[in-house]
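**Q** Assemble the complex: chain V is given as a structure, and chain L must be docked to it using the hints.
Quick note, the sequences are listed as chains V and L, same order. The first sequence begins at 2 in the working numbering and counts up one residue at a time. The second sequence begins at 3 in the working numbering and counts up one residue at a time.
Think of the hints as simulated: they come from the structure by calculation, not from any bench. Any given hint might turn out to be false.
[Claimed, not checked] In silico lysine-lysine, DSS-like type, Cα no more than 27 angstroms apart, as pairs:
id, chain 1, residue 1, chain 2, residue 2
1, V, Lys19, L, Lys390
2, L, Lys165, V, Lys19
3, L, Lys418, L, Lys393
4, V, Lys19, L, Lys397
5, V, Lys19, L, Lys418
6, L, Lys390, L, Lys418
7, V, Lys129, L, Lys393
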Amino acid sequence: MSDYVIETHGLTRYFGQKCAVDQLDLAVPRGSVFGFLGRNGSGKTTTIRMLMGLLEPTRGGATVLGYDATRLPPAARGRIGYMAEGHQVYSWMSVRQAMRFQQAAFPKWNGKVFWAVADYFSLDRQAKVRDLSRGQRAGLCLALSLAPEPELLVWDDPALGLDPVARRALLEAMVYVTGKGDRTIFFSSHMLGDVERVADRIAILDMAVLRASCSMETFQAAVRRFVLRFAEAPPQVPAIPGLLEAWRDGHELRITLTRYGAAAEGVLRGLGAEEMREVAVTLEDAFTSFLAQRGEKSMLFADGRRESRLAGGAV
Amino acid sequence: MRTLSVTQALVWKEVREMWVWAAGAGILFGAELAYIFGIATGRLPGVDVLVVIALMVGIVALFTPALCGVALGFQQFHWGGRRDSWAFLVHRPVSRWQIFWIKAGVGAVLYLVALGLPFAGLAWWIGGVSRPADWEHPMMFVAADILVGLAYYFAGAVMALRKARWFGSRLLVLGPAVVMSIIVVATTHAFDFSPQRQAESLWPWLAVGTASGFGALAAWGLYVTGGSFARMPWVAKFGLGTSIVISILALGGLAVAASIAIVGLPEEHRGDFLVRSEEPEMNWTVSYWALVPPAAVPLDLGFEAGGMYPLGKPVLPAGFELASWFVLSRVELMGMGVLAAVVMNIWASRRYGYSARGRVVWIVLALTLGMAGVVLFWCLPELPARVKCAKCGRKRVVTRETCGHCGAGWARPEMKGTEVFEGV
Numbered sequence: 002m003s004d005y006v007i008e009t010h011g012l013t014r015y016f017g018q019k020c021a022v023d024q025l026d027l028a029v030p031r032g033s034v035f036g037f038l039g040r041n042g043s044g045k046t047t048t049i050r051m052l053m054g055l056l057e058p059t060r061g062g063a064t065v066l067g068y069d070a071t072r073l074p075p076a077a078r079g080r081i082g083y084m085a086e087g088h089q090v091y092s093w094m095s096v097r098q099a100m101r102f103q104q105a106a107f108p109k110w111n112g113k114v115f116w117a118v119a120d121y122f123s124l125d126r127q128a129k130v131r132d133l134s135r136g137q138r139a140g141l142c143l144a145l146s147l148a149p150e151p152e153l154l155v156w157d158d159p160a161l162g163l164d165p166v167a168r169r170a171l172l173e174a175m176v177y178v179t180g181k182g183d184r185t186i187f188f189s190s191h192m193l194g195d196v197e198r199v200a201d202r203i204a205i206l207d208m209a210v211l212r213a214s215c216s217m218e219t220f221q222a223a224v225r226r227f228v229l230r231f232a233e234a235p236p237q238v239p240a241i242p243g244l245l246e247a248w249r250d251g252h253e254l255r256i257t258l259t260r261y262g263a264a265a266e267g268v269l270r271g272l273g274a275e276e277m278r279e280v281a282v283t284l285e286d287a288f289t290s291f292l293a294q295r296g297e298k299s300m301l302f303a304d305g306r307r308e309s310r311l312a313g314g315a316v
Numbered sequence: 003m004r005t006l007s008v009t010q011a012l013v014w015k016e017v018r019e020m021w022v023w024a025a026g027a028g029i030l031f032g033a034e035l036a037y038i039f040g041i042a043t044g045r046l047p048g049v050d051v052l053v054v055i056a057l058m059v060g061i062v063a064l065f066t067p068a069l070c071g072v073a074l075g076f077q078q079f080h081w082g083g084r085r086d087s088w089a090f091l092v093h094r095p096v097s098r099w100q101i102f103w104i105k106a107g108v109g110a111v112l113y114l115v116a117l118g119l120p121f122a123g124l125a126w127w128i129g130g131v132s133r134p135a136d137w138e139h140p141m142m143f144v145a146a147d148i149l150v151g152l153a154y155y156f157a158g159a160v161m162a163l164r165k166a167r168w169f170g171s172r173l174l175v176l177g178p179a180v181v182m183s184i185i186v187v188a189t190t191h192a193f194d195f196s197p198q199r200q201a202e203s204l205w206p207w208l209a210v211g212t213a214s215g216f217g218a219l220a221a222w223g224l225y226v227t228g229g230s231f232a233r234m235p236w237v238a239k240f241g242l243g244t245s246i247v248i249s250i251l252a253l254g255g256l257a258v259a260a261s262i263a264i265v266g267l268p269e270e271h272r273g274d275f276l277v278r279s280e281e282p283e284m285n286w287t288v289s290y291w292a293l294v295p296p297a298a299v300p301l302d303l304g305f306e307a308g309g310m311y312p313l314g315k316p317v318l319p320a321g322f323e324l325a326s327w328f329v330l331s332r333v334e335l336m337g338m339g340v341l342a343a344v345v346m347n348i349w350a351s352r353r354y355g356y357s358a359r360g361r362v363v364w365i366v367l368a369l370t371l372g373m374a375g376v377v378l379f380w381c382l383p384e385l386p387a388r389v390k391c392a393k394c395g396r397k398r399v400v401t402r403e404t405c406g407h408c409g410a411g412w413a414r415p416e417m418k419g420t421e422v423f424e425g426v
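Bound conformation, chain V alone:
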């Protein structure tokens, strides 16, 4: 049995001339909680749809539970709990009818799990799906994907469109189900705060290209931020290896970068700052910096106009 439940090799998808996923190589270890991150339109949903055999790759391929993703046999689909983006359930069904409809197809259906999650989200069994709130609808989808006792859960942006309370409830339910050690959870999101609470590994997709694939700790350790204070206006930022962004704010220059090493340190020291100190970066900040447009930015010009702009060529 492979150590990975999902593996992709050069997975590529075009929509017309636009490359939505570019040569993605990814490995999701068995038993991990894997956060798949990226901004809107970065290719997360396209990747997940290819993994589920719902979309044909243009090139490359993927295996899920050891099967070619384009030819997943029905038995393999029974081992995967999939929640599509947008919490799709037939709106005319009641909660109970939706449960019965799913139950008919899945041989390992666990009604106790279903109703436990449904009760957690206060779902009335007779309520029509169309009358549920977004959070309740997400809860219903969560229950439908958990009750078959799958060994792999694939959720496409499960918290999409939910208010903070509903999102918290969903995350708590996710934390609850991650307790089962051999179950793998692969979920996409563009909210790192959500991922932070549950994931142990992440992959970041940026404009169709994989930019990070590592443990949460590694990612947080890799992204570092330094504040440099100058006696006068900070100098133009030179090329720094791994530079993500440089914020110019008065006499201060805040530089965020990855893979900080001797080369980067040498450049920073060479800027002639009066003081250089490292500040803590939250995961949310690290993620935002990682996906933001790279380069130098300033908030305040000498004449006092408040503005934000990009100064190119600073990588």
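**A** Same frame as chain V, but now just chain L:
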């Protein structure tokens, strides 16, 4: 609480979603039939009763089942085929073909029940009143058209499921159903449902079954692959391809008929060019031979041997004058069509990076289908996008690992120096 079987659950879902639409179709059809019968029995003020009945039965029976069939098929598969809805349904430990056939079976049965009930009701009603005319014949006509509506139902499903580049090409799958409607109009006597007559002739049933079968196979293939032509089983590709070829040829025939109507025919032949003439030399299809697939030649020769000329003979009618260069034998016309088709398909299959085997297939299709094979190339498969090769600068298709011109592979995505990768 009893657990449903997979089949029961899927049937319940489809019936629940479709019964309202089917009922609407049935009410529409029933109301039309009741109105006609009301005229026929004098319960409604009518004029020339027989003419009105003949016209209305023709229109109602020909168009309503077709419209209802297409609408039901399209409705059922369009809304159910939306991205997330389709994903929710097919992501379960049930084969996609099973889901499709249950879905299509329920849809077809609902269609037949919806239109069959008003028909049966009318037949029963007619039995209890004095007949205004020869009602058996129109009733057979109506029954035949209800059956042909099945071909429209599957065509509607294919239109909903097919991801065609050009929306108009989705309509091309209607060909077999339309041809069946024409056959019903032309040969209503064949749809005599009396046991004696049915024992003599099974071909109308075969024809309806075949027309529906092409659509059903195509819809099945599209459903199980999510609309991807490349992954469709070969029988499904055959069903879809045949439907489109029939449509292309039917459109070609219509175009020729229209052009003759515009150009004009000799006085003595006006009015009869759309049907097989008793005079074989009356050839309205001379230019159509450039479109006729060589594969149809044996069939045509068979007709000719039997004294029938469904495609006409390659002789221009007396008094029908065209420029001399235009007057070509049908072999010459067909040869020109085939040659052009082969050249175009070779060029197109090279352009879109087909393998040697794929190119051979398209050449064979051009040889057997003529110009219809060219239209098929542009309508049937997904044509991959072409992007600039980073090495040679020429266009290459995105589906192949190597450039067709310089053999270069794909460059890895450019790294920015900020990436964070860690082995597991």
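**Q** Going through the numbered hints above, which ones does this structure break? Give me the numbers in ascending order.
**A** 7
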